[in-house]
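Going down the list, the protein sequences come from chains A and B.
Note that this note's numbering numbers the first sequence so that position 272 is 1149, with each residue one more than the last.
Note that this note's numbering numbers the second sequence so that position 201 is 1078, with each residue one more than the last.
Mixed in with the good hints there might be a few duds.
Copies of one chain are not kept apart here, so a pair can be met inside one copy or by any two copies together.
To be verified - List time: in silico DSSO-like cross-link candidates among lysine-lysine, alpha-carbon distance up to 30 Å:
#1 Lys1064 with Lys1089
#2 Lys1064 with Lys981
#3 Lys981 with Lys1213
#4 Lys1089 with Lys1213
#5 Lys903 with Lys948
#6 Lys903 with Lys999
Just so you know, the hints here were simulated from the structure itself, not pulled from any lab data.
Protein chains: 2
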Amino acid sequence: MSKSNNTEIASLGEFGLIDRLTARLKQRNASTLLAAGDDAAVIDLGEEAMLLTTDMLTEGIDFDLSYFPLKHLGYKAIVRGANDILAMNARPEQAVISLGVSAKISVEALDELYEGMELAAKELGIDIVGGDTTASMNGLIINISMVGRAKKEDIVYRSGAKEHDLICITSNLGAAYMGLHLLEREKRVLKDIENPEPKFADYEYLLERYLKPRAKSNVLEALREEGIRPTSMIDLSDGLASDLRQICRSSQCGARVYLERIPIARQTTELAEEMRIDPVIAALNGGEDHELLFTVPLDKQEQVARLGLVDIIGHITREEAGVVLVTPDGEGIALKAQAFDR
Amino acid sequence: MSKSNNTEIASLGEFGLIDRLTARLKQRNASTLLAAGDDAAVIDLGEEAMLLTTDMLTEGIDFDLSYFPLKHLGYKAIVRGANDILAMNARPEQAVISLGVSAKISVEALDELYEGMELAAKELGIDIVGGDTTASMNGLIINISMVGRAKKEDIVYRSGAKEHDLICITSNLGAAYMGLHLLEREKRVLKDIENPEPKFADYEYLLERYLKPRAKSNVLEALREEGIRPTSMIDLSDGLASDLRQICRSSQCGARVYLERIPIARQTTELAEEMRIDPVIAALNGGEDHELLFTVPLDKQEQVARLGLVDIIGHITREEAGVVLVTPDGEGIALKAQAFDR
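Build the full structure now, drawing on both the sequences and the hints.
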């Protein structure tokens, strides 16, 4: 390990680390159509292309086994992988699973994890085709790699957004983030109590959004049936602010989103206020939504609205205009990835 | 987590855990030609097929950063992934990298890791096309998933070995295992010394075999040029005993290997004797060889021998005969995965 120079990873900022690490990578196969920089890599198969993605979850960072049921965790792990393929407008088909397993994990626990993974795989039409199991010194590690297929012309990249395109999302935001906060609060409150009875009443929806996110393949199917192809798309996992900035960065454009149009569930607002969290922060920066964020041409507005499956929250602008959140009183605020400045 | 039943993973034995976990998995895509049970999954592309594999390495189990240079670790991680594709007689083409990174890892350390990965990728003609970086509470985690391609008719499975086929290996065995033992010994001996000077003289070859294994794509090319297609093949990573048993299990056959034909490097024998380890145990059960173990039809004996690249160590028998090690005095010993019984 390098001793003289020690740059902290956090110091490189939002896109810095990945840019730095991938800068040295060279592509040498003609079959590589797209490497880093989108939800999945794209590999040429002729008329079709194969999408390839990988996603790692580590205990203590991405999940806490004291409240995350293993069956749900398996389900969510598959949904996360599938979302990366779906966000390219492709169909996920095969997955391989790597597990790092600590000594405290029993065979029955792994059974539950696999049960959840197979349930999600069944719902999404995915085959789990193999994997690797290794020991882990500390905690459970899950890595899902997935491949999917699409006709080349159907693939949607982050880079295709154009000025005037409409910005769409497939659900209200911030619910999963508040679900996580609720679980963390109950864990803290109840940690010294013998028979803990966590208070989840009225907030089951938030828990479900965090513990068992659903892949939105139905929205993509509806768009396909309507003959609407998104111009750009991303898996909404790091929060609207960060993910919209990714689209704007890849598409070299700006965006205006309207605060009053961003859907926030009643329970999200209620719990956020109870916990003294700004519900708007939860919605914009919370992350873990695992929904789709995409753009469509302006002339599809009516058709998209009629589907009843998405919210149109703003539109794409020229790059110089920046990525802006418009408040109800018409003020424009630069939308930052971690928190937005007033 | 399950509280009532807690079966320890180790109790399920050699093939038990994977069998149990994969038993519940159903395949639902016609494109899935082969799921679990080989070095890689096989996905139908028409005339060709795509191979998909995943491999996880965790700090403290698969590597020790106190003596494993990060550049070598990156190199080895790519070679390990590539070997799974090569062992199907296919060409590795694209890889995706997941990293779990603890706070103690600097950007410069990740630079070194990526430098090693890119070096191996360059040598093997692989493109690193993306990845995922997450935080890790405890230590570095590396997951490599790789895809490769081959004509369907060229793919070699574990299951194709036939009676009388010759058993071949691409290098001497046990060297990497002894390299690991040497590194562990020097770490123990020098742990309280201020300016440690580890004694590696005369054993550099063993270190190289452990720290920087080379993929044997040249052997596969030579076989291809000779028009020889192996009947079965496996990446030699868990030790000859275990991996040969995998071939025999998949091919429903037995095997006889001759102890005097198993190549063991002079340094391997010398260090093993110095450390009071049976060199034969190192060769049969050590693992980490990352060479190829394969079978060819009996009538290719001369052609294969002429290549000068492989050792023929035995032959395939009927299943009832078991997997047997023949000692120089002609005695047959059942070859067990963990250790062999006398």
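- Item | Violations among the numbered hints, reported as their numbers in ascending order | Those not satisfied: there are none.
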